[in-house]
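> Here's the letter readout for the chains.
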Amino acid sequence: MLAGVALGMALGLVELAFLCVAWIGRLLPAARPVVEAARGKLMAAERARLSRWLGHETTRQDGGYGFLVARAALGVLSGYGCAAGLFVGGLLLFGGLWDLAWGRMEPVPVNLPGVKIVTSSGVLGLTGGAVLLALVALMALAVGSLERRLADRFLGPGSHELMRRRIAELTATRSGIVRAVDDERRRIERDLHDGVQQRGVALAMLLGRARHSSDTETTAGLISQAYTESRRLLDELRSVAWRIYPTALDELGLRAALAGVAERSGVPVTVHYGLAERPVSEVETALYFVAREAITNAIKHAGARDILVVLTEDERAVGVAISDDGEGGADPSGGGLSGLARRVLALDGEFAVHSPRGGPTKITATLPKIPPGGFPGATSGTASGAASGTASGASSGTTSGAASGTVPGAAFGTASGAASGTAAEAARLDASGTEAGPCG
Amino acid sequence: MRVILADDSVLLREGLTRLLDDAGHEVVEAVGDAPALLAAVGRHRPDVAVIDVRMPPGHKDDGLRAALEIRDRHPGVGVLVLSQYVEQHYAARLLAGSPRGLGYLLKDRVSEVADFLDSLERVRAGGTAFDPEVVRQLLARTTHADPLSRLSPREGEVLRHLAQGFVNAAIADRLHVSLSTVEKHVNAIVEKLDLPHDPDYSRRVLAILRYLDT
Chain A
1 MLAGVALGMA LGLVELAFLC VAWIGRLLPA ARPVVEAARG KLMAAERARL SRWLGHETTR
61 QDGGYGFLVA RAALGVLSGY GCAAGLFVGG LLLFGGLWDL AWGRMEPVPV NLPGVKIVTS
121 SGVLGLTGGA VLLALVALMA LAVGSLERRL ADRFLGPGSH ELMRRRIAEL TATRSGIVRA
181 VDDERRRIER DLHDGVQQRG VALAMLLGRA RHSSDTETTA GLISQAYTES RRLLDELRSV
241 AWRIYPTALD ELGLRAALAG VAERSGVPVT VHYGLAERPV SEVETALYFV AREAITNAIK
301 HAGARDILVV LTEDERAVGV AISDDGEGGA DPSGGGLSGL ARRVLALDGE FAVHSPRGGP
361 TKITATLPKI PPGGFPGATS GTASGAASGT ASGASSGTTS GAASGTVPGA AFGTASGAAS
421 GTAAEAARLD ASGTEAGPCG
Chain B
1 MRVILADDSV LLREGLTRLL DDAGHEVVEA VGDAPALLAA VGRHRPDVAV IDVRMPPGHK
61 DDGLRAALEI RDRHPGVGVL VLSQYVEQHY AARLLAGSPR GLGYLLKDRV SEVADFLDSL
121 ERVRAGGTAF DPEVVRQLLA RTTHADPLSR LSPREGEVLR HLAQGFVNAA IADRLHVSLS
181 TVEKHVNAIV EKLDLPHDPD YSRRVLAILR YLDT
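Listed in order, the protein sequences are those of chains A and B. Just so you know, the first sequence maps onto residues 1 to 440 in our numbering. Just so you know, the second sequence maps onto residues 1 to 214 in our numbering.
Hints listed in this document are in silico derivations from the structure and should not be mistaken for laboratory results. Incorrect hints may appear among the rest.
Claimed, not checked - Cβ pair distances, simulated, as ranges:
1) A:Y245 x B:G156: 43 to 51 angstroms
2) B:H89 x A:R231: 35 to 43 angstroms
3) A:R232 x B:H59: 16 to 24 angstroms
4) A:R232 x B:G76: 34 to 42 angstroms
5) A:T218 x B:P147: 43 to 51 angstroms
For glycine and all other residues, C-beta sits at the position ideal for the given N, C-alpha and C.
Input sequences plus hints: build the corresponding full structure.
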């Protein structure tokens, strides 16, 4: 950033010179194209500098002279300030060092209110020089942030542009959520068809054969098989219902529902639950499905042997990060993951998949605590604030440090294999930490 | 009879194999997807192929398309299509050709073992076996509600059996009436619905199904 600011100072001088020439040049019709071309070049240089060092992506193509005037003023003034500071600071440092090196020090009394000391000119020079240089560095930082504001003001998206983007985003996520719902239904149908119905037919077939058979021993054998099959059918039905929506999520909360997922998965899943209170229902559901789908994928497609789920929060957002030690190569546009992305984006969240071939895979989702439109009980002010605050980054596809930093919350839920007593276990876990009912 | 089974559910393949074994039929091969089915039929030339509509690789109507191809390539092989749902569209596609040696049943019907084996036998013999549910839907949607309302309840019952592909003797058996009574009803139906008099049995079924389908 300092390089950008320094370059900005030099550019400021060029801009000042250009403005002086252009002011006169624009009066001559013949010179106008030359002036315009030069202005275009200068603006291009500014844009490149802003995006390279100051992380500002300009969107508006207009706003030439106003910006150049403001930039030239800022660049020249800050350039002068910095140069003067550097010069004087350097001089003091050099002088101080010189005095120290040759021992030609003169005692200098310092009289400040309450402080009365006698020091040497060398030490004073060094101290003064260091303070001045620090001030210059601070000023450069301040100029950098001022530059960003200036760029936002003159070159950033206007309110129209912001609204246009928001509308485009809403339209996209709205149709996305419809597709996600359809995908979900397709999956449920497949679950019912491939699992429950096949077992039902198999059961009916066994009973049909039993009824058709004349031999009592065969009949008894078939009926006993049919009984076993009916138990399997019920198990299958229960697990399909649970896959569609785990009631534990509503009743006991995300922590218990994720503990259930960890228990049911065939490989060890560790959950770090770092949320102080329960997220609102739609956010909680989204976090749950992201975690569960990521876990399923890791086991099914990546052959993971160890999975870590980390839930974090800050003032505005909650995040989940799922990492595994599998072989990676997850396709973000694949059915399951793209459905999750749509669900997260519809809640103004961010969704990212990092899965290089060979692994490991890390999937992160960050959601604003108050989703767009708020929820019953939320004041409209905070709701719209949260919505507009996260609007700009929603489609960028990056995650904001959701999974960086460790979570202070208690680790629990390392479980493997199918364990029984889920509900009791879940209830115990829930009692240890989760608040009941949505916050607010 | 020699049968080939095609269903992607192992559970059902096993169950059906046992069921057919019990009944004294030979399952020459049981496959799990459409390409394997076509290959197996080409290899074994079975009497009947029992085919699930939804199968890999596409998990859509791959089984049905394979069935149509078998009817095209091996007209001597009876085709019995099993479906999770009754789809008029599937029935119509199957009926585009001749209904000879053709069956279309709901998958659940395999549990009514006697009826299922009977349907299989009919298909093997070159007859037709359409699910009662297919016929019920055809009757519910047909534009010929008026002429149909002129049938007596008993004639309606006979019509439903005819549409499923039962021959007169089987209908007499199922309705516990004499063969001549059934023949009388059949004549009345042909008369009232203005269907062509056709002694050929499978052409008659086709005529009835097409009539109901419009």
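> Which of the stated hints cannot be reconciled with the structure, identified by number in ascending sequence?
Going through the list in order, the structure violates no hint and respects every one.
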